[in-house]
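Chemist: Listed below are the residues making up each chain.
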Amino acid sequence: MKIELVNPMDWSSVTEQIDIEFGAGTTRNLLGDRAPIFMTKGGSRIFYAVPKDWITELMNASETLDIQFLGKELGSLDKGRFRLSLQIFSEIAEMTESFIIVSQLGAEAFTYGRSIIRESVLELNQSLVRGQRVLVLSENRECLGIATLSVDAAKVTRLRADKLVAKNLVDVGWFIRRLG
Amino acid sequence: MSSKELRQRAKELAKEHGYLQYMIERYLSLWGEENTIRFIEACEQPVRTAIRVNTLKTSVSSVLHRLQAKGVILDEVPWLNNCFYADFKDSSPGALLEHMLGFYYVQGVPSMTAVSVLDPQPDEIVLDLAAAPGGKTTHIAQLLENTGMVMAIEQDRQRMTSLQSNIIRCGATNTVVIRGDARKLDDLPFKPDKILLDAPCSGEGLIPLDPTRKTSKSMADIRFCATREDEMLESAVNVLSEGGSMVYSTCSIAPEENEYIVDGILKQHPEIEVVEIPTKFGTPGYSEPYGVRLSESLTLTRRFLPHLHGTEGFFICKLRKKEAVSE
Chain L
23 MKIELVNPMD
33 WSSVTEQIDI
43 EFGAGTTRNL
53 LGDRAPIFMT
63 KGGSRIFYAV
73 PKDWITELMN
83 ASETLDIQFL
93 GKELGSLDKG
103 RFRLSLQIFS
113 EIAEMTESFI
123 IVSQLGAEAF
133 TYGRSIIRES
143 VLELNQSLVR
153 GQRVLVLSEN
163 RECLGIATLS
173 VDAAKVTRLR
183 ADKLVAKNLV
193 DVGWFIRRLG
Chain Z
3 MSSKELRQRA
13 KELAKEHGYL
23 QYMIERYLSL
33 WGEENTIRFI
43 EACEQPVRTA
53 IRVNTLKTSV
63 SSVLHRLQAK
73 GVILDEVPWL
83 NNCFYADFKD
93 SSPGALLEHM
103 LGFYYVQGVP
113 SMTAVSVLDP
123 QPDEIVLDLA
133 AAPGGKTTHI
143 AQLLENTGMV
153 MAIEQDRQRM
163 TSLQSNIIRC
173 GATNTVVIRG
183 DARKLDDLPF
193 KPDKILLDAP
203 CSGEGLIPLD
213 PTRKTSKSMA
223 DIRFCATRED
233 EMLESAVNVL
243 SEGGSMVYST
253 CSIAPEENEY
263 IVDGILKQHP
273 EIEVVEIPTK
283 FGTPGYSEPY
293 GVRLSESLTL
303 TRRFLPHLHG
313 TEGFFICKLR
323 KKEAVSE
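Same order as they appear, the protein sequences are chains L and Z. For any residue, its number in the numbering used here is found by taking its place in the first sequence, counting from 1, and adding 22. For any residue, its number in the numbering used here is found by taking its place in the second sequence, counting from 1, and adding 2.
Chain Z on its own, in the form it takes in the complex (with noise of 0.2 Å):
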């Protein structure tokens, strides 16, 4: 398809659909006509409510039955462990009991994804970064078994309060909470062995759930977001120990956000390499998006498309920070 065509295309599909032109003018290029109406359509169904089981408060079997009994129907997600899709009926799934407890948190599953793909370890120092509302803030505090530290980092004031408020009913006690900017991290009194950058970004993964984002951002938007993105990321592997790693995540499907986020702190920082996700889930990450030739190993970062795994769209990459060599 020449770029008129390409273009001429986009413009049909966008009035057709209610997006705006730029967006499927991008999809069209990333993916093919094909592709891009099975995106298009996938974003129109709904994404399955999902839920982490809390084993810092309970086990996995007490809440499977107390849920069952309820008529909750449950369905394992098969590469994570204690998190299931739930299919809640007419009840909300904030209001039953078991969540007020504790027992459960409502989450997506690329969300948990991202907090296994970085596999925290009992004892380990996790920094994770723009942390509200709390959802892998907990996961992580679970994985720690509640030892270790999660230094939870977050800069809006209203969403400190959930973040707080999440981190008290599933009962993690090993949280430090800091009010700041993820971009200015350099008086932290602790050196993380691994962090969490769950970037906040455009949203353009989230079309599925808040189908106002057809039109409500810009490629403006994109870049304003791509540069903080960037900020952060780049303060993030500053404090990562050495040997350590991270996840950077957005709920992003932009390469502009991810894979090109990355591939320039890699050109940046020799010391930061991309590794392999041993999970299987999703889709290789893009190394030549548009065109434009990126680092290969970026075909190790993972993505969830609507079309391609039901779930919004996401992308997940980890990174290790190598260990200096000696004199």
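For reference, chain L alone in the conformation it holds in the complex (with noise of 0.2 Å):
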């Protein structure tokens, strides 16, 4: 696939819609001293960051070479919407008040592509809203994926034991399911 530069609309659509979520500066903070660069595949846009010294040798060779990955996936930008690798979920975790931290059971369930319940929940920052991507982190902190909340984390506390909180969009078992 051919490597490109990344066009400066795309990118601020990209940061823009990390730091919404993940707090401002998140994207700067991933990126690091590496540069965006991107790959087409399908109908999307895969970004990657490269240590910037890679990026004239690799964009010449992508002329005649099939590269497929390289350095740190950032995610996909599809129809306006950037998907976020699960490449980086760990990294981020360590940058955003985003996150969920959900029981062993809850965690477990997680794992096996379960959305997360009221009971499972252990933590959640009480300024989320519906609607928001959200980390999905074990009790000892550890990124297990990504999900939105299906309500605003000031009403869980109302719901039902049983009732949903926030749906998974990716998880760590995606690995295993992939590979069988």
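Any given hint could turn out to be false.
[Claimed, not checked] Just so you have them, the derived chain Z footprint on chain L, three or more residues with Cβ under 8 Å:
1) 80 to 89
2) 99 to 110
3) 128 to 136
4) 185 to 199
[To be verified] Taking lysine-lysine and the DSS-like style, the derived pairs with C-alpha atoms no more than 27 Å apart in a straight line are:
5) LYS186(Z) with LYS24(L)
6) LYS17(Z) with LYS216(Z)
7) LYS72(Z) with LYS74(L)
8) LYS186(Z) with LYS63(L)
9) LYS177(L) with LYS189(L)
10) LYS59(Z) with LYS72(Z)
11) LYS63(L) with LYS101(L)
12) LYS269(Z) with LYS216(Z)
13) LYS24(L) with LYS193(Z)
14) LYS269(Z) with LYS193(Z)
15) LYS6(Z) with LYS17(Z)
16) LYS216(Z) with LYS13(Z)
17) LYS216(Z) with LYS6(Z)
18) LYS24(L) with LYS74(L)
19) LYS74(L) with LYS193(Z)
Read the hints as simulated data drawn from the structure, not as lab findings. Only a predicted model underlies this, so the values are computations on that prediction, with no experimental measurement involved. Glycine included, each C-beta is placed from N, C-alpha and C at the ideal position.
Hints are included, so try docking the two chains, each in its own frame, into the full complex.
Modeler: Next up, the structure:
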């Protein structure tokens, strides 16, 4: 696949989407001293953060070589919506307040593709609102995946134990489910 | 034993243990009857599961503590850092949360040893040929401490998926994955300091893991694999930096895929030499298999054999490309 430099408009859309949900400066911290590039796969643009000294050589090489993956995968932009890569979840977890901590039982269910119900929730920042994406952390603060809040955090305590709090978007069990 | 006697005995043993006759003939020639029988018996025993702790994501002590709490029995592999034999009892090694989080990789001891012998150092550029499913790629990334670059080449589209998944799971951020033929490396953007060629092979060392291998491959298959291995190694030594080193390995026990291939390269490339592997494991490779005299330096290579080491069969050779002497 051909490697391309990121158009500033696209990049600002990516930055905005990440920073709105996970805090200002998250994208900049994720990049560190790397530069963003992208490759087009199907209808999506897959974004990667790569060391700056790789770029020229790899862009030239991508004219003849079939490069499939490089550096740190940030995520994909499809129809204006940016989907984060599993590769950066644990890094973001160290920078953001947008997370939900779940019990051991909830963690296990989540890694089997299940969503999060009220009785599994151990900690949730009260300022988070319905529709927002949050990282799902275990009791040991390991990042298990990402989910969308189905309810404002402030209203969670009013829910019954078996009511949905956050819908599973992607979880680390994907590695097993994908590879069999 | 005369040729006629050897054939007769091979026929009997092959019939008794469910092997193709040509395989037993070769084992008898290489090792004699006693060791051949020990090999056959060892191939019926399970190979111990092993894991590599992924220090890109966690620490050894943390993983040991967590796995032991789940009843996993761990035992250090003496010659390898961060690698353990692991008895998972009734659990599936791939189904634990620690695995999903990329804290460890389930990998054969010989495969881990091959990367350890390559000895990647931070900031180096390392080429990993036929890289899927990514055990060695992620191990190299780990030893590079996510610096430098691992160029991972894989041709098979299906296996590319597992390669990329494992890179993501293990948190390797210094890889470039290229889909392509490991025999065509002319357009690589960077000159590698080190190369790992764990070549696709006939898998004759995998009988303890896959009993169907006793009958699934003919001598023609071995010759086919040997030709491809020869082409891959030729291509690899051509792109290796002067002064650089590489590891050639296979999970085959066939000298035709191992010592013969390296011997051919040594004859074609005087700038390439076999170098000693300082780590103590396995047994020396053969310099005179089936009575065919090859380079004496092939005794510096190492072999894992099921009946001697309790692992799958494996071959590891470390090569160095001498620096050109300026006029």
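Chemist: Confirm or reject each hint.
Modeler: To see whether the hints hold, each was checked on the structure:
1. Counting residues of the segment 80 to 89 of chain L whose CB falls under 8 Å from any CB of chain Z gives 7; the rule of at least 3 is met.
2. For a cut-off of 8 Å, the count of residues in the segment 99 to 110 of chain L with a CB near a CB of chain Z stands at 3, and the three-residue condition holds.
3. Evaluation of the coverage hint for the segment 128 to 136 of chain L: fulfilled, as 3 residues show C-beta separations to chain Z shorter than 8 Å, against a requirement of three.
4. As drawn, the segment 185 to 199 of chain L meets chain Z at 4 residues by the rule of a beta-carbon pair under 8 Å; at three or more, the given contact holds.
5. Distance restraint check for LYS186(Z) and LYS24(L): the Cα-Cα separation of roughly 19 Å lies within the 27 Å cut-off, and the hinted pair is therefore satisfied.
6. Distance check on the hinted pair: LYS17(Z) and LYS216(Z) sit about 11 Å apart at the alpha-carbon level, within 27 Å; holds.
7. At roughly 43 Å between alpha-carbon atoms, LYS72(Z) and LYS74(L) are farther apart than 27 Å, so this suggested pair is violated.
8. About 24 Å separates the Cα atoms of LYS186(Z) and LYS63(L), which keeps this hinted pair within 27 Å; it holds.
9. For the hint linking LYS177(L) to LYS189(L), the alpha-carbon distance of about 16 Å falls within 27 Å, and the restraint holds.
10. In summary, the hint linking LYS59(Z) to LYS72(Z) is supported, as the alpha carbons are separated by about 19 Å, within the 27 Å threshold.
11. Distance restraint check for LYS63(L) and LYS101(L): the Cα-Cα separation of roughly 13 Å lies within the 27 Å cut-off, and the hinted pair is therefore satisfied.
12. With a CA separation close to 33 Å, the supplied pair LYS269(Z) and LYS216(Z) exceeds the 27 Å bound.
13. Note on LYS24(L) and LYS193(Z): the hinted pairing holds, with a Cα-Cα distance of about 21 Å set against a maximum of 27 Å.
14. Distance restraint check for LYS269(Z) and LYS193(Z): the Cα-Cα separation of roughly 23 Å lies within the 27 Å cut-off, and the hinted pair is therefore satisfied.
15. Between LYS6(Z) and LYS17(Z), the direct Cα distance comes to roughly 17 Å. Compliance with the 27 Å bound is thereby established for this hinted pair.
16. Taking the CA atoms of LYS216(Z) and LYS13(Z), the gap is about 14 Å. The hint holds against a cut of 27 Å.
17. Taken as a hint, the LYS216(Z) and LYS6(Z) pair is honoured in the structure, with Cα atoms around 22 Å apart against an allowance of 27 Å.
18. For the suggested pair LYS24(L) and LYS74(L), the alpha carbons sit about 17 Å apart, so the restraint of at most 27 Å is met.
19. Proximity of LYS74(L) to LYS193(Z) is assessed by CA-CA distance (about 18 Å); at most 27 Å being required, the pair is judged to hold.
This entry does not satisfy hints 7 and 12, going by the numbered hints stated previously.
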